[in-house]
Amino acid sequence: MTASIEIRDAFKTFGHGPRAIQALEKASLDIRPNEFVTFVGASGCGKSTLLRMIGGLESLTSGSITVNGQPIAGPGVDRAMVFQHYSLYPWLTVADNIRFCRQLKAHTRDRTSADVEKASGRADALIRLMGLSHVAHAYPNQLSGGMQQRVAIARALMSRPPILLMDEPFGALDAQTREVMHDLIRHVHRIEGSTIVFVTHDVEEAIYLGQRIVLMAPRPGRIDTLYDVPLPAERHQDMKLAPEFLGLKREILDRIRETSGMKTDLEQLARLSAEAAELEA
Amino acid sequence: MSASKRSGGASPLWQIRTAIDPRHYWVLALCGLVAPLLGWSIASSLDGVDKVFLPGPADVLARMWTWASEDGLPADVAISTWRVVAGWALSAAIALPLGLFIGSYRSVQALLEPLTDFIRYMPAVAFIPLVMLWVGIEEGSKIAIIFIGTFFQMVLMVAEDVRRVPLAQIEAAQTMGASRGEILEKVIVPSAKPALLDTLRVTMGWAWTYLVVAELVAANSGLGYAVLKAQRFLQTDKIFAGILLIGLIGLVIDQGFRLAHRKAFPYLAGRH
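Sequences listed follow chains A and B, in order.
So the first sequence is numbered by UniProt numbering: it starts at 1 and just counts up by one.
So the second sequence is numbered by UniProt numbering: it starts at 1 and just counts up by one.
Chain B with its partners taken away, still in its complex shape (with noise of 0.2 Å):
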């Protein structure tokens, strides 16, 4: 090959920046998946290592299944997905507006970057009392804890997708009589679209990592509730299914998220 060759024979797979054989990547992307799964599994087998301690890949499998069959595995799943999707949903719903006119107008910028900014610095976590206090312990408040843990972040990256719509392609519209509203609507919209589905993807993944915190209060069913009650059971098999499955469920959601986006913005795909 002509990378191997300008090295002088050394291995490309070294090589700053280079393109490797699409083998070697797949190859390689299997090994840091299964070496840690293998490392995993010598480990929890080795003498004088408690279950307790370190359960076993296959030990984390067989709690699932009896998870699945008897303790009701697919409403934990049910219950954690709506209500990570309804936060999510809801800080959105109101994030993409509002980052739509900071980023476009610096009149509201100065009116609410700041205070977003200051807000986003506080533990959402921290807030669990006062959600518990204003709006209760029903169903409202997990998705409180969600929203509150993603909609201050979501607005400044909403806000920072929409500035970064180029110039050039506001002013080509200023240029053929756009009004201020067929800019918004024509321009500025669909050229951050691309970029504001990728920020719901990473918001998405965000939102998940806060389902054990919201799922602190006074809940009784979730994978969060789930990870909680067995950590007080000290069932730590329990715990291994329950943090791997809001992994391979966020994974799941990031992976449909990136198809969606392959399929809705064809035209990225460029010159080959």
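One chain only, chain A, in its complex shape (with noise of 0.2 Å):
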């Protein structure tokens, strides 16, 4: 299952008169069925708020968002989303964490015998899927960081989601951790046909992840500059050296400290240091 997203002039404001934070301004962005797109940006630029409000976990102040053509009201089984922590039911454990979702109403109107066998089958599949099968009866606390979030992936996955919103997921995880959930989240994407909206703040793994990069930027956080990741579907931890992905790094690092001020910052820096020499000498 998958579904398209369009959002058209959505603007997002935090806050009342002076005191008001203009945290979107007018972003507008289509996402293809089964696309996989990644937002990066510093931060402030507002790519958490854009991915939540997709959730419908925060409202729009103007402007519209749709799936499949349906405008969104509040979140809904058809936007599974994963968070960076915390997220996970610690007095559960792994498998009914993954099973949460067959307690609610949402997901078991009309159920018949046969639906609830598949359901069952569905949660074996996704812990054998993520690599849980030893730890399934284990509780969330007696995992590593990056087996919960395994965990909370498969979670999300349970009700065949067509739209899969992650919200920097992977961005308390150590790096070789990292690496590892990168393969298994394409792969994911690539067995489930979802699409899938994800957010970082990494370039690196924006660009091995995406099909299709957002770069957003702050004050006020703004759609910046899309780019097509020149990379084949199929991708390997190798072509992080390649020089078609050394080169977008290039260009999306410079933008990012471009338009969040870094670069001015950096150029400060540089003329201190450069009177400090002087002054010594």
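In case anyone wonders, no lab produced these hints; they're calculated from the structure.
Just so you know, these numbers come straight off a predicted model, no measurement behind them.
Mixed in with the good hints, there may be bad ones.
Derived DSSO-like pairs: lysine-lysine, alpha-carbon spacing no greater than 27 Å straight-line [what the hints assert, rightly or not]:
#, chain 1, residue 1, chain 2, residue 2
1, A, Lys249, A, Lys26
2, A, Lys118, A, Lys105
3, A, Lys240, A, Lys26
4, B, Lys193, A, Lys105
5, B, Lys263, B, Lys186
6, B, Lys186, A, Lys105
7, A, Lys118, B, Lys186
Assembly of the complex is requested from the two constituent chains, each provided in isolation within its own frame, with the hints serving as guidance.
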């Protein structure tokens, strides 16, 4: 299952009056069915806000977001979300966390015994897919951060959502674990066929995972540039050293420095150290 | 040990936030309990220290024995425990649902929290005349005092426990299509349970501290009443015995709660 997302002139303002903050300004974007899109940018660029707006966890101040042409109204089972952390239920085992949505009315309407059987098969398949078989009956607290995120992803996939929204899901993991998770989530994208929108501040992650990169800029938060990733659909870790990968990485990093005011900071730093050297001489 | 190596041979006992040998821990804990007892014993046996001023541990133990065998100590313990538990349970029965709603809905918080915050600063003792006027001088009044002493704090603590449920847990349920009722029942309540049991444990301790106050109101039984009566007759050893017994019962109940906490929430044990 998959779906398209259409964002039209989305504005988001937090607060009122003179202290209001423009979190997102006039964002428009079309995300195709089964596309893997990554949002990247400096903090305060509104990338998480936009993702949460697609998820229905944040309202729009103005503009519209539609999924397959239907305007969204709050969170829905068609848009699953994976958070950075603290989203698992520590009182449930790994398997019960993954099956959590089966307890909810939204997933149990018109349920036949065949559906129940299919769902239990689905949970088992996800446990195997995410490499969780040996910890299926453990509690989340007993797992490493990487394993916890595997559970969170499996739980989000349980109801076969056409859209998977991921808010810096690997931001708290170490570099090695993260590489494993990258290949895992690409594998998930291939076999599940869902549309994935992935937020990160890590440019390398954004390029390696995405088919398309949405670069966002702060003050006010906005969509700055779109990049098509010039890599084949099948990816492997060696590609991170390919010239086209490094070229795109440099281009995006430069643009982030420019738009986030980091460039002026760096120039000022260079000027200061030059002055200090002069004084010493 | 590696800890002592790192600090260049200094004792690990004085490393900030560093684990110490379990044997050292128990020796120190025992010293902390025995030393005051020993000090008390020595101080009371000094020449010129009147038994009325400071009875020794042996006097207090002897008094406990006569109280238990002749003066109806079991009945006093039973009635006091009943009053404390009843007042506390009544508080919990109202504070748990109310705190759940204050912690979950900003509107309920706005309506009730400032009021609760205000009332909790009013001294429970000062309500005694009002309680006597409104509730009378029967059992209900003692339970009411303990209720007033614990309820308002308990509501706020329950609300805080509920507010500490990670937002990501709630939002994850929302994106899975959970309704508001389902979020309360299947996420917020189970997630807050360990903290709530801790709150119940702490407030049970406070309920015991209000016992003596509660038994100021026309009581003729109970541990608090016994302490008050002993004060009138200058039976210092009985005052000691009463205070120690209240402390002891409190400690036993507290440990019971801790045990229940460990048994009920094995998933908190974590990774080792």
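Tested hints:
With a C-alpha separation of about 26 Å, the suggested pair Lys249 (chain A) and Lys26 (chain A) falls inside the 27 Å cut-off, and the hint holds. For the hint linking Lys118 (chain A) to Lys105 (chain A), the alpha-carbon distance of about 17 Å falls within 27 Å, and the restraint holds. About 33 Å separates the Cα atoms of Lys240 (chain A) and Lys26 (chain A), which puts this hinted pair outside 27 Å; it is violated. Under the criterion of a C-alpha separation no larger than 27 Å, the hint pairing Lys193 (chain B) with Lys105 (chain A) is consistent with the structure, at around 23 Å.
For the hint pairing Lys263 (chain B) with Lys186 (chain B), the CA-to-CA distance comes to about 20 Å; that is within 27 Å, so the pair holds. Pair hint Lys186 (chain B) plus Lys105 (chain A) holds up; C-alpha atoms about 12 Å apart against a cutoff of 27 Å. Distance hint between Lys118 (chain A) and Lys186 (chain B) is fulfilled; the C-alpha atoms sit about 23 Å from each other, no more than 27 Å.
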